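K.L.:
Let the sequences and hints guide you as you build the complete structure.
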Amino acid sequence: MKKILNAPSDVVEEMMNGMAEAHKDLVHRVGNTRVIARNYAGKGKVGIISGGGSGHEPTHAGYVGKGMLSAAIFGDVFTSPTPDQVYEAIKAADQGAGVFMVVKNYTGDVLNFEMAKDLAEADGIDVAYTVTSDDVSGGESTYSDGRRGVAGTLFMHKILGYHAEHGATLKDLKEIAEAINPNLATIGLALSPATVPEQGTPGFTLKDDEIELGIGIHGEPGFEKASMMTSKKIAAVFYDKLNAHLKLTGEEELVVMVNGMGATPLMEQYVFVKDVFDLLKDKGITVAKSYVGDYMTSIEMAGLSLTFFKLDDARWLDALNAPVETIAW
Amino acid sequence: MKKILNAPSDVVEEMMNGMAEAHKDLVHRVGNTRVIARNYAGKGKVGIISGGGSGHEPTHAGYVGKGMLSAAIFGDVFTSPTPDQVYEAIKAADQGAGVFMVVKNYTGDVLNFEMAKDLAEADGIDVAYTVTSDDVSGGESTYSDGRRGVAGTLFMHKILGYHAEHGATLKDLKEIAEAINPNLATIGLALSPATVPEQGTPGFTLKDDEIELGIGIHGEPGFEKASMMTSKKIAAVFYDKLNAHLKLTGEEELVVMVNGMGATPLMEQYVFVKDVFDLLKDKGITVAKSYVGDYMTSIEMAGLSLTFFKLDDARWLDALNAPVETIAW
Amino acid sequence: MDLTLARQWMDAFFEDLKAHKDYLSELDNPIGDGDHGINMARGATAAQEALTQSPPETLNGLFKTIAMSLLSKVGGASGPLYGSVFLAFAKASLDQDTLDDKTLSQLFIDGKDALMNRGKATKGEKTMVDVWIPFSERFNQDPLTKEDVDAMVLATKPLKATKGRAAYLGDRSIGHIDPGSMSSGYLFKTFLNVRDHS
Amino acid sequence: MDLTLARQWMDAFFEDLKAHKDYLSELDNPIGDGDHGINMARGATAAQEALTQSPPETLNGLFKTIAMSLLSKVGGASGPLYGSVFLAFAKASLDQDTLDDKTLSQLFIDGKDALMNRGKATKGEKTMVDVWIPFSERFNQDPLTKEDVDAMVLATKPLKATKGRAAYLGDRSIGHIDPGSMSSGYLFKTFLNVRDHS
Ligand SMILES: Nc1ncnc2c1ncn2[C@@H]1O[C@H](COP(=O)(O)OP(=O)(O)O)[C@@H](O)[C@H]1O
Ligand SMILES: Nc1ncnc2c1ncn2[C@@H]1O[C@H](COP(=O)(O)OP(=O)(O)O)[C@@H](O)[C@H]1O
Ligand SMILES: [Mg+2]
Ligand SMILES: [Mg+2]
Ligand SMILES: [Mg+2]
Ligand SMILES: [Mg+2]
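Chains as they are written, first to last, in our numbering: chain A, 65 to 393; chain B, 65 to 393; chain C, 8 to 205; chain D, 8 to 205.
Keep in mind the hints are simulated off the structure, nothing from the lab. What you are looking at is a predicted structure, and each value in this text was computed from that prediction instead of being measured. By construction, the Cβ of each residue, glycine as well, lies at the ideal position given by its N, Cα and C atoms. Errors might be hidden in some of the hints.
[To be verified] Okay, the calculated beta carbon distance ranges per label pair:
hint	chain 1	residue 1	chain 2	residue 2	range
1	A	Lys235	B	Lys238	58 to 64 Å
2	D	Ala158	B	Glu389	54 to 60 Å
3	B	Asp304	D	Arg202	54 to 60 Å
4	A	Met65	B	Gln159	50 to 56 Å
5	C	Thr152	A	Thr265	31 to 37 Å
6	B	Lys235	D	Thr65	40 to 46 Å
7	A	Thr265	D	Lys25	40 to 46 Å
[As the list claims (entries may be wrong)] No more than 25 Å apart at the CA atoms, straight line, and that leaves these computed lysine to any residue pairs for SDA-like:
hint	chain 1	residue 1	chain 2	residue 2
8	C	Lys130	A	Lys345
9	A	Lys345	B	Arg379
10	C	Lys167	C	Ser205
P.N.:
Next up, the structure:
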């Protein structure tokens, strides 16, 4: 393992401190907790929080700021945060109107956030939450744990953050979140693995010409190992998977996100997004907006994910287009 | 070589098209040229252009937009653009007040931009330029080619872009550029190499526990191969190199940039910037602003660079703080 | 089983978790994210520290301290799950100085119920539930041995996961031992060991 | 040397560049960025295409077409440098139907001057200037052989670079052949070959 670190066990602490100090105009670390909160309070408005294991930077703290998240919780690398820390974020985010949690669908995340909700409610803070599950690599799983929350979650952050800033209640936000979730679909692939600093060895291995399709953001295996293929071919495979979920007719408007997993250069991401655009054009589908870059990473994993967000509601686009004051959006 | 591509020889074309289409609200490709220009014209103002080899994304096109660059030229990967293409950018950027070129100190870049200037002047367009040379890995070289232009160049883009937007003339910009350049100092390191798609094999090799200090953004060897060391130690080595050039007294205000080379996750970059902050605090030096992220990459090289920008002129900070409308700043 | 013995049990469990840290993570690699050992070892260390710092004076206090340590240190799925189990243990041992066989049996049943309540997993979904159900059910019937526990853990191998991270793998989860079941196995085996050697 | 022969020379040069594409890039790896072969081969292909598309009818036209192709296709340092060289060749052969030895000598001197003018490099800085100076100076004196050219190219090996990318290496540039000198060597050797076999 070759990484720029001091002690591997201190990596989350040190990263948090670096982040808070580098961007002190926007955010701060809450005491000694695993929480980074925005400086802008948003008095009287619902706070939006999110979090999960570390190693997905700039997710989540990169999206903390006016118009998006109120606070983010850092778990250990690839490990859900603990309930006491989520509760710290709830307290930091609460400005009198309650706190809405955006949880990605991982058993650990769901359980820990739920426990934090129990703790907060015992202290009289209203908490509601949504669980995103945009990953379609498992196909149409009938069991709830089969679909992970991945990069599409960021649209949830952005849109809920916009509405919270404009005075939405917990109930409003829950409704908006439930309307959004079925319109999100993401699929990813890996070319090379990530190494958790405390583990020191890669989470999986791939041969020289091998890729893993449908991989998760923690290196969870995908639906298929395949030989390296062209960008055009990957775009076609991904399109089919996303389409199987979204059932596109050609009438719809999409928001597209190509998300780099960490080590994949923008060069490849832009080559790929062009192939996606060409495919969508063939199908007659309109791209209303697109995002390309490292939004939700998997440490230094090489690979990318593709998210389609079907714009069932035209107001979602306005919410996406609104300015925010964050580190990384 | 495992990359998400179609034909390696088409990578620049395809990347440009992807970039232009993904961000069509901000930029467009100029015909079939190797130029991406901003949609905002800036009538009557000096245009600022920059460019170089591809493979440094989001540099340069990511910084094209209102308040920063007017246009960017894409050379082949790690290869200077040709004079005819630079000339296309000059034509696209010229809004009647001439064009200012920001050139990084590489023989190829300088020669090709100079030739383009000759071409443009023959057609009656006024052109001035500056050559940035912020890389201090060669020590205080007496020969002009010893110092490369690297990530510090981006502060030049930002500040000149701001002044151009506010009506500065070519002459003004040349003066500002010459005042800035000596206050920029950058030093980088690599943990693993980059592969130019058309070459297919890494540009250099490093052993499992080996790093290269002072590396350039094209994989040019640095001043020393060393064993892997802690982030704190790297910060100390880099500080000494930058200090040798800037001769810091402890009185000054700095802008700090930690720039990821491509494959190095933000996690490591934030750990490292914290060590830099701690060092600067010890020396009594104030950090006025800081940047952390992949600003000027070297395809999928792992590593980072550290830039100190000494704020000799307080107006530079205002220029840095001004908003821009670009893909990646 | 009194406080001293229960404390011995817990210490043996924590030592086992730390000793098998790498092994538990390795089990988590092919069907999870390779951190189960790290998570549990972190929790074990924290719990041991908490117990040393303010040694509990009751069985209830022992299990509660452990529950809070695991909750706040383990993270991942196993944190709240084991946390809930030990909260249930604490509840079941409230006002008890020693745990007789009947209370112990209830304790394991309550632990299993808390686990299933928190995690919503049922039998056969390839989670630690699949060792908690047989262990708590058979506890009162047979004289359970360490070999029995090993067999329960091993029985998770052919299962297809439909809960937890391993569920993302579908059929590819078949043929691997469930890491959480292995760590629960340590809990059961250290229990049998302490009980049988006292 | 008339147009036909000059065209043969140029074609031989381009074929050499393409044939040694990988070798030239390999030379550029340790002291540069490993693209000299790619750059020159790209230029060679472009020049050959341009020459096929509209075959030049004069020596001046031949060299000018090549200059423009290299300028617009090579990129890197070598693009404008070779571009300037061939622009100088074009100028030196203006209104000439054949190149006698005196004109040829002047042609190489003008090429060298254009190169030095554009690149600002002087003797001993480990650039192609270090083969252009001896070749153009000795052209009129000795009957130069391919072995002489090889020796000139090899003589760049012990030099320390102070111009171009290799300058970033300081002392570490010593001990490597300069790639641009190698490609210029191909230009000289194909010249000698075409001249001597006609
Ligand atoms: N819903 C659930 N109910 C019971 N146990 C579960 C559930 N989900 C996961 N587990 C257990 O948790 C173990 C994984 O724990 P761990 O690796 O620490 O957490 P994570 O999966 O978050 O990385 C699995 O082996 C399984 O036994
Ligand atoms: N200032 C200069 N004058 C003359 N030749 C130079 C100069 N700088 C570089 N060169 C030549 O250019 C060659 C490198 O060309 P190339 O690799 O194609 O370009 P780049 O260095 O931009 O990648 C060097 O080997 C050297 O011979
Ligand atoms: Mg985990
Ligand atoms: Mg080059
Ligand atoms: Mg795990
Ligand atoms: Mg080169």
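K.L.:
List, from low to high, the hint numbers that the structure doesn't satisfy.
P.N.:
8, 9 and 10
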